Amino acid sequence: GAVVSQHPSWVICKSGTSVKIECRSLDFQATTMFWYRQFPKQSLMLMATSNEGSKATYEQGVEKDKFLINHASLTLSTLTVTSAHPEDSSFYICSAKGFTDTQYFGPGTRLTVL
Amino acid sequence: SQQGEEDPQALSIQEGENATMNCSYKTSINNLQWYRQNSGRGLVHLILIRSNEREKHSGRLRVTLDTSKKSSSLLITASRAADTASYFCATDATGTASKLTFGTGTRLQVTL
Chain S
1 GAVVSQHPSW VICKSGTSVK IECRSLDFQA TTMFWYRQFP KQSLMLMATS NEGSKATYEQ
61 GVEKDKFLIN HASLTLSTLT VTSAHPEDSS FYICSAKGFT DTQYFGPGTR LTVL
Chain E
1001 SQQGEEDPQA LSIQEGENAT MNCSYKTSIN NLQWYRQNSG RGLVHLILIR SNEREKHSGR
1061 LRVTLDTSKK SSSLLITASR AADTASYFCA TDATGTASKL TFGTGTRLQV TL
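Sequence order for the protein chains is S and E.
At position 113 of the first sequence (counting the first as 1) the number is 113 in my numbering, and the numbers step up by one without a gap.
Here my numbering runs 1000 ahead of the position in the second sequence, where the first position is 1.
Possibly wrong hints are sitting among the right ones.
[As the list claims (entries may be wrong)] Below, in silico cross-link-like pairs of lysine-lysine (DSS-like), each with a Cα-Cα straight-line distance of 30 Å or less:
#1 K1026(E) - K55(S)
#2 K1070(E) - K41(S)
#3 K1099(E) - K1069(E)
#4 K64(S) - K1026(E)
#5 K1070(E) - K1026(E)
#6 K66(S) - K41(S)
#7 K41(S) - K1056(E)
#8 K20(S) - K41(S)
#9 K1056(E) - K1070(E)
#10 K1026(E) - K41(S)
#11 K20(S) - K64(S)
#12 K1099(E) - K1026(E)
#13 K55(S) - K66(S)
#14 K1026(E) - K1069(E)
#15 K1099(E) - K64(S)
#16 K1099(E) - K41(S)
#17 K55(S) - K14(S)
#18 K1056(E) - K1099(E)
#19 K55(S) - K1099(E)
#20 K1069(E) - K20(S)
#21 K20(S) - K66(S)
#22 K1099(E) - K66(S)
#23 K1070(E) - K1099(E)
#24 K1069(E) - K1056(E)
#25 K41(S) - K64(S)
#26 K20(S) - K55(S)
#27 K1069(E) - K41(S)
#28 K41(S) - K14(S)
#29 K14(S) - K64(S)
#30 K1056(E) - K1026(E)
#31 K66(S) - K14(S)
[What the hints assert, rightly or not] These stretches of chain S come out as covered by chain E in the derived footprint (C-beta under 8 Å, 3 or more residues):
#32 44–55
#33 90–97
Simulated from the structure, these hints should not be mistaken for laboratory data.
Being a predicted model, the structure only gives us computed values, none of them experimental.
All residues carry an ideal CB built from backbone N, CA and C; glycine is no exception.
With the sequences and hints as input, model every part of the structure.
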């Protein structure tokens, strides 16, 4: 089946630093990748949608200068949390979609900002 | 909010019993997908049902869709302890370029 990886799986950083999270589709070409955020015991909230080679589309209320998304190839998208603060601590999950309707999810990245 | 609702929020059953989870949504959809999430992990895709389908099976899973009521159900038969997880429905609404809107989730606990 389709596999999506994320790196790192967890990261701890100091307030004010930037953190980059990678999302890769390992065995298929992802025409679209999505980034979600999940707080403990809550559902997933879509942050942004990215298509290869074009700018990401952000959901209402998501700061695009805070959460930088780059989708440079059909197998890689990155999310950079800039100047991270404790309130950015969360579980970030990406998903990738190829030419079918199914989205395949990565294992998630737990970010803790001290 | 366009987020769907799932019920029950939590369900505890014994191994071998069936588990039924329900999902309601608010908009017209292209398809509805069910996912499983183990604690602190990513999501595993279970099944996709299109708007023109009414029922779909996959192993011990049975999904129904009623677009007139904007609702779906997931039935897990002969549950196992390994089925313990959170289950989410997600809708791909018409005209949203494949964006998924997730339901609130059902936490299923299967005990021996």
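Numbers of unmet hints, in rising order = Checked against the structure, the only hint that fails is number 20, while the rest are satisfied.
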